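Asks: Okay, here's what each chain looks like letter by letter:
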Amino acid sequence: MSFLRRHPPAPPPAAVKFSDDRGRFFRLVARGAALELQTIGFYRFWLTTDIRRHLWANTEVDGDAAEYTGLGKELLLGFLFALAILIPVYIAYFLVGVEAARLKAFASFPLLAFFYLLGQFAIYRARRYRLTRTVWRGVRFWMDGSGWSYAARSALWSCLVLFTLGFALPWREAALERYKMRHCHYGDLQGRFEGRGWDLFKRGWWIWLAAVGLLVLLGLRKYFTPAPLIVFAAAPFLYAVFKAVEWRWWISGLRFGAVRFESRLRQGALVDLYWKVIGWSLLATAAFAVYLMLCTSLIVGTSKWALAKLLITGHLQDSLPILILAGLGYLAFILSLSAVRRIYLQRDLWDRVAASTVVHNLARARNVSAMGDIADAVGEGLADNFDVVAGF
Amino acid sequence: MERTAIYFDGRSNRRRQVTLAFKDDLEISEPSEPPVRWPYADIRRTDSPAAVLRLTSLTAPPLARLEIRDAATAAQFASRCPQLDEKLPGQRGVGLIIGWSLAAAASIVVVILFGLPLAADRLAPIVPRALERRIGEAAEVQIKTIFGDKTCEAAAGQRAFDKLLLSLREAAGLDTSVDSEVLYTPIPNALALPGGKVILFSGLLAKAENPDEIAGVLAHEFGHLKHRDSMRNLIHNSGTSFLVGLLFGDVTGAGALIFASRTLVTSSYSRDVEQSADTFAMDVMKKLGRSPKPMGELLFRVTGKQADGELNILASHALTEDRLKRMSEADRPPTGPPLLMPAEWTALQAICGTKS
Chain H
4 MSFLRRHPPA PPPAAVKFSD DRGRFFRLVA RGAALELQTI GFYRFWLTTD IRRHLWANTE
64 VDGDAAEYTG LGKELLLGFL FALAILIPVY IAYFLVGVEA ARLKAFASFP LLAFFYLLGQ
124 FAIYRARRYR LTRTVWRGVR FWMDGSGWSY AARSALWSCL VLFTLGFALP WREAALERYK
184 MRHCHYGDLQ GRFEGRGWDL FKRGWWIWLA AVGLLVLLGL RKYFTPAPLI VFAAAPFLYA
244 VFKAVEWRWW ISGLRFGAVR FESRLRQGAL VDLYWKVIGW SLLATAAFAV YLMLCTSLIV
304 GTSKWALAKL LITGHLQDSL PILILAGLGY LAFILSLSAV RRIYLQRDLW DRVAASTVVH
364 NLARARNVSA MGDIADAVGE GLADNFDVVA GF
Chain G
303 MERTAIYFDG RSNRRRQVTL AFKDDLEISE PSEPPVRWPY ADIRRTDSPA AVLRLTSLTA
363 PPLARLEIRD AATAAQFASR CPQLDEKLPG QRGVGLIIGW SLAAAASIVV VILFGLPLAA
423 DRLAPIVPRA LERRIGEAAE VQIKTIFGDK TCEAAAGQRA FDKLLLSLRE AAGLDTSVDS
483 EVLYTPIPNA LALPGGKVIL FSGLLAKAEN PDEIAGVLAH EFGHLKHRDS MRNLIHNSGT
543 SFLVGLLFGD VTGAGALIFA SRTLVTSSYS RDVEQSADTF AMDVMKKLGR SPKPMGELLF
603 RVTGKQADGE LNILASHALT EDRLKRMSEA DRPPTGPPLL MPAEWTALQA ICGTKS
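Those protein sequence lines, which keep their order, are chains H and G. Numbers 4 to 395, taken from our numbering, label the letters of the first sequence in order. Numbers 303 to 658, taken from our numbering, label the letters of the second sequence in order.
Source of the hints: derived by calculation from the structure; they are not laboratory data. As the structure is a prediction and not an experimental result, all values here were calculated from the model. Any given hint could turn out to be false.
Heads up, simulated PhoX-like pairs for lysine-lysine below, C-alpha to C-alpha not over 20 Å straight-line [what the hints assert, rightly or not]:
(1) H:K107 with G:K627
(2) G:K509 with G:K528
(3) G:K607 with G:K627
(4) G:K528 with G:K452
(5) G:K607 with H:K107
(6) H:K107 with G:K452
(7) G:K607 with G:K509
(8) G:K588 with G:K528
(9) G:K627 with G:K588
Restraint-style ranges between C-beta atoms, simulated for each label pair [unchecked claim]:
(10) H:P15 with G:P364: 29 to 37 Å
(11) G:E388 with H:D191: 28 to 36 Å
(12) H:L331 with G:W402: 18 to 26 Å
(13) G:I400 with H:D191: 38 to 46 Å
(14) H:P12 with G:K325: 43 to 51 Å
Think of the CB as a built atom: it goes at the ideal place given N, C-alpha and C, for glycine as much as any other residue.
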């Protein structure tokens, strides 16, 4: 009989696996873009939902896939509610702005800060919506906390980041993530964030330095002509490496109760994705330029107006066909750009990040009780209105 | 017939190995627990990876899930559950979404093209004067921050200016709530501020060759005040921004599209507004027995020929050459007395101290 207490060997971490049919995702995005074109963009609520459903449903943790239970209808309603909230906000902004500007010119500019706060509020509430629509093993995630409190923290930290020329960014991210994760729950399991600003700084300081170096180089373009070229070639590398470092740090800091996430994403893991986006975007731009030329010559060829006449008549109606064709072409162009982004920066990025991730101590979350309610999508609607990237 | 599956009861995340019995209802049993029954008619498919059939029941807790991983069992459900695929989002209703979107887009476009000009016409007159004046004061503070705060009021020049304003006001049917001042800046322009103030930049005085030129420009600005065009533009522009934003929302990259369509709509509106201010100015000049042609000549001197310049559907004013043409067509010999005597005109031009 041994008196030594033997610790059982730590169980191997659970894998996160993303296995989908990439062709299916491609078709989903292509069809979505076509429908967005036909609906002048209104289909975006359903497309966003379908993309999330695809990503969630094909992501398995410890052999069980997640599920996204949100609906396009909810996003549409959130958007409309956000609009309804924004109308009086815009009017109030205008009136307060007039009063401020009477006292001092451009005194209304600081009021724009209010919209920054509203944007941060939207980011928080959008995450809350997404989280409450995320289900794994029959139990949903949920979130409490205050979007306004988050917005205030975010604003203060942003001031600090501006003041330190970006140096404080890692600590800002860590602090905001701590607030968000503290209010995240999976059933009765509370989340928290253990990533430290210092760790992110250690991994990413050279990126910050290189970015500053590139800005300096750009400033010296008078003396060194190829400077902009070097900057534009180097920037995507830096950004991709920064994103990889950030993802790895973020995932490795996530906790739910005793459950610990870890990512081993390589620094260079995302570089090719960003270059693919740039390459395809350039191609789409070229195609759009050719389309515009074709349209113009077609209209000039078939109409009784000469090109010069068309441009100087000064009446909208006269050149309406060109405008409509150009507008539709542009819509198709930006929709193809967003399709490219969705394929590489949503699906492929998700794939690589998931493949790099493992979950420790998942056995400690084998009997989590369901808790928490679903949240509305007004935050998503506000984010949609402001065009802020709600991220995660 | 018994088969196995994985069951989550929606109350905890415990992964339960269960056996399924296909009786009148589906019976889900776990050792040492009472069986759970799901009526076949209530069973629905939910999102899952391709290899898994994931089911839920309308009458079970909303997040209860049953996962079947073998094809034979999955086939059982396909044959027994008539409404298995009902309500799976994204399968149906796409036509409906397209229809409603097009209807929404069409109604937004109709509101922008017809509703907003109408709203601007009807709402502008009921904006309280006090609010309009406050907006004008705010604008004035900004203008004086940009162009400097040097108002020109040399005594002789001011007397001439007042005389000019008096005749114009009378002919335009405006009271003394409408006022004007000369601001010292080399930029040749004139502005009508909401609430009743016209700011004449001394740069325009310097370019002018006779009183009728300046009178025409002032009459044009008075036209804006008479029609309350600032308020109409404000209502029309903010309405357009809002509706165009609503139309394209955050389709990524639509910023340019929003900007372009907004500019198109607002500049088309602005050209209409400018044209009616020109008409007003021509009427005023006619009443004063003076020709409107000098105003056109002054504008042409300031802007030069414009036809080869920017894209004209985006311009906020009609082309200067077209405006000049219109005013030249209304040209006729003066029937009324000169608006200013030569000495007064010289004084007006020197209102900023030197002949600016």
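Asks: Below or equal to 20 Å on CA atoms is what counts here, so check K607 (chain G) against K627 (chain G).
Replies: Holds, at roughly 12 Å.
Asks: Is the hinted pair K627 (chain G) and K588 (chain G) satisfied, with a Cα-Cα distance of at most 20 Å?
Replies: Within the cut-off at roughly 17 Å; holds.
Asks: Within 20 Å, alpha carbon to alpha carbon, are K528 (chain G) and K452 (chain G)?
Replies: With a Cα-Cα distance of about 27 Å, the restraint between K528 (chain G) and K452 (chain G) is violated, given a limit of 20 Å.
Asks: For the pair we were handed, K607 (chain G) and K509 (chain G), check the Cα-Cα distance against 20 Å.
Replies: holds (16 Å)
Asks: Could you tell me whether the CB distance from L331 (chain H) to W402 (chain G) stays inside 18 to 26 Å?
Replies: holds (20 Å)
Asks: Could one say that the CB atoms of I400 (chain G) and D191 (chain H) fall in the range 38 to 46 Å?
Replies: Given about 43 Å between the Cβ atoms, the range holds.
Asks: If I claimed the Cβ atoms of P12 (chain H) and K325 (chain G) lie 43 to 51 Å apart, would that claim hold in this structure?
Replies: holds (45 Å)
Asks: If you draw a straight line from the CA of K107 (chain H) to the CA of K452 (chain G), is it 20 Å or shorter?
Replies: With Cα atoms ~17 Å apart, K107 (chain H) and K452 (chain G) stay inside 20 Å; holds.
Asks: Measure nothing beyond the straight line between the CA atoms of K107 (chain H) and K627 (chain G); if it is 20 Å or shorter, mark the hint as holding.
Replies: violated (42 Å)
Asks: So if I understand the rule, the pair passes when the alpha-carbon distance is 20 Å or less; does K588 (chain G) with K528 (chain G) pass?
Replies: holds (17 Å)
Asks: Is the Cα-Cα distance between K607 (chain G) and K107 (chain H) 20 Å or less?
Replies: Outside the cut-off at roughly 38 Å; violated.
Asks: When you check the alpha-carbon spacing of K509 (chain G) and K528 (chain G), does it fall within 20 Å?
Replies: Outside the cut-off at roughly 26 Å; violated.
Hints 1, 2, 4 and 5, counting from the list given before, are not met by this structure.
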